[in-house]
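Undergrad: Listed below are the residues making up each chain.
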Amino acid sequence: MTTTPHNSMQKTLLELFDLSKSYGSIKAVNGLSISLKKGNVYGLLGPNGSGKSTTLGMVLNVVNPTSGRFQWYSGTLTTHQALKKIGAIIERPNFYPYMTAYQNMVLICKIKECGTNGIEEKLKLVGLWERRDSKFSAFSLGMKQRLAIAAALVNNPELLILDEPTNGLDPEGIHQIRKLILSIAKMGTTILLASHLLDEVEKVCSHVIVLKNGVKYYEGPVDQITVAHGFFEIKCTQIEAAIRFLESLSEIGEVQNEHDLIRIFSKDALDPESLSKKLAKAKIYPTHFVWKKPTLEDQFLTLTQS
Amino acid sequence: MRLLYIELYKLGHSTISKLLIFGYFLLILSISILSTIKVEFGPINFYLAEQGIFNFPYIWHFNTFIIALLKLFFAVVIVAMIGNEYSNRTLKQNLIDGLSKGEFLRSKLYAILAFVITSTLLVFLISLILGGIYSDYNEWSIVFSDLEYLLAYAIKLFCFFTFCLMLSILIKRAAFALGFLAFWQFFEGINFGLLNWKLETYFPTVTVNQVFQFYPLNAMSNLIKEPFSRLSAIQNIANEIGDGFSKDYNVTLLSIVIALSWSALFILISYQLLKRRDL
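Chains E and R, in that order, give the protein sequences.
Numbered per our numbering, the first sequence spans residues 1 to 306.
Numbered per our numbering, the second sequence spans residues 1 to 279.
The shape of chain R in the complex, shown without the other chains:
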């Protein structure tokens, strides 16, 4: 608790961090604004909330997917909180004042964990309230089914944030770390393209997704698959066109294991970097 307190104290006295954290949670709340989207244009009467996106248990899937997109916003906070320790040389001062390198890393991890838990709780509450208002089904057994999406959400965030943590410790500068993150996304995309193109030639028995699911960013996005094609409206359209498709939307154990393994690796690398480097 002392370590968490230290980290929150550092963040709490920085106006920019406060603003970003506040903004992040505000954005999560703003998803409820989605419910008020109502387009009335002549004969077309579109009311998003009534398209079924807030139906239990689909809402768990939809909300966790949409709100997880906001994680990038919070990544800035994490990258900045490490970058500042380097640029202000306060990391050095913290160590001199008697914080061990392990404690330093743990204080950051606890803060990340605290934010992941807060964020997950917030998503849970918002979904519960929105679902309560708009859902067509309100039986408890339906309301509380598919809750594994919340677990997947928490893991997805934690894995992503530990990735940011490692990058910022590795690169030391906030802006470059974010740049590298964007580059990495790009890198995975290019790899996916290459795999699509060449993999079959060399390993005919392996499918692209079998390999690609192990890439860190893709592993995170695999935790919660896109929910849009699951919407009944879209499924209906697909069926009408005669191109009905089925897809596994569940949170798979394998994707959780992969994501958690990456997290562990990121934390380990972060620690080794801290330990080995001279300041």
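One chain only, chain E, in its complex shape:
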């Protein structure tokens, strides 16, 4: 996980301003504004049909926005120029079936106007170098998806966009792709990963954007979404005194007592260190102290179901 502190010096790669897309009366994306900064790993979360793919389609020049706009590299590059510097894969790998893996890669290098030097390295990275002379049509879905990743990486992109990269793969394939994404993230590439698989996002992303019905529900660092809604469990000898003390603290929202196990829900973000310091000051020494962070899945469900 690469968590880079918020920094105004970070280069902005992509900004969306009030972007909307309607299909007839259905609003697939509704007034979406986000900005992606270099160095972060973003997870774009949302249930099926929440507008993830449409959003990506718009910034990737294949879907025309109904209203609003977006800009790449702070508007210094046109969309198609910017797309040459990034890498993107969309739900299904699309290649020329009659060409071999290698021939397809050469064509992509021509389109992206980058040298063909990266082909060998990237095909080796995804484990397809041995199969470079096989026709694309002879590949399994997992191999096609890996070729798509190699193709997206061939120009050493500044941003890698992945839309449901593990969709339709078997467990083996899913595992391979995840390992790949993790290693790419570790290399410092900025990634935008659209997925409805939360553990996938939780494992690699530093930031999340949650979408539902085309509307943004949350945007921010992945640990903040969990910290804000975490809770503590403590046990101690003087239960009554502890509860009285905790209830008197301003940052504490609710205190529950369940079979001598005290559950503390904070109003604001509260870290375990400051809580235990406060307890120690009040001469309360817990025998059991657990900070429970809800999983991203719990958070996601509360966010999207409300």
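Any given hint might turn out to be false.
[To be verified] Calculated lysine-lysine pairs in the BS3-like style (CA-CA distance at most 30 Å, straight line):
# : chain 1 : residue 1 : chain 2 : residue 2
1 : R       : K172      : E       : K135
2 : E       : K203      : E       : K144
3 : E       : K110      : R       : K18
4 : E       : K27       : R       : K172
5 : E       : K84       : R       : K18
Just so you know, the hints here were simulated from the structure itself, not pulled from any lab data.
For this one, chain E is given, so just place chain R on it according to the hints.
TA: Relative to the frame of chain E, chain R by itself:
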């Protein structure tokens, strides 16, 4: 050049495209086989090459007309090269990889242009060689007269291929696009019939051909008019029957303007379709 290279790369790695393109150019060459048609049947001794079809400058007219018929063969290549981009979703991938929609269209147009130029050059060379062998007149001034038929040939092909390009972008599927092409030919034929029948009733001052020359497929065929009735053998027969006729066989400027206007329109429509559609 990058765009042309991209398109030729796509075509060059497809066996079917290669086969069709190769076959097309082979068919053009095969026109020279015509020269060997020789029927000897008792007293009738028919030798096609000596009927004057390979005489300069008539050969420019004859060859460009005959070889232009083969364009339909190449239309399949064009329709397939667009249809495949849609069915393989590689158009989408090309755009994502950083090709703009304008560049995509231009890469197709450059390929079409390259084939038109190759085809025209081939026709020029074949006619020159066949004429050199069989023509009765070999003075340079005669050899290189009437070369406007080559220009008309190139425009005719270009216009037809841009029409195919637009149809395949519009319809997205190769087979249906070809079907629509056939339907359109039919449609123009029916229109011609209707015009013949009713036009005079409503617009007595307008002749049918004045209207019909603006129909796209007819505009293309007007570029090079049929050469057969110009053959001396047939003219002789016509004269003997006493029904001598004169017809303007020249390439007219108007027909060129009409065809080029259609091409421009087809390209514009193609671009708008690409631009407006979501993929």
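Undergrad: Now tell me, hint by hint, if it's right for this structure.
TA: Status of each hint after checking the structure:
no.	hint	result
1	R:K172 with E:K135	holds (24 Å)
2	E:K203 with E:K144	holds (24 Å)
3	E:K110 with R:K18	holds (20 Å)
4	E:K27 with R:K172	holds (26 Å)
5	E:K84 with R:K18	holds (29 Å)
When the structure is compared with the earlier hints, no violation turns up for any of them.
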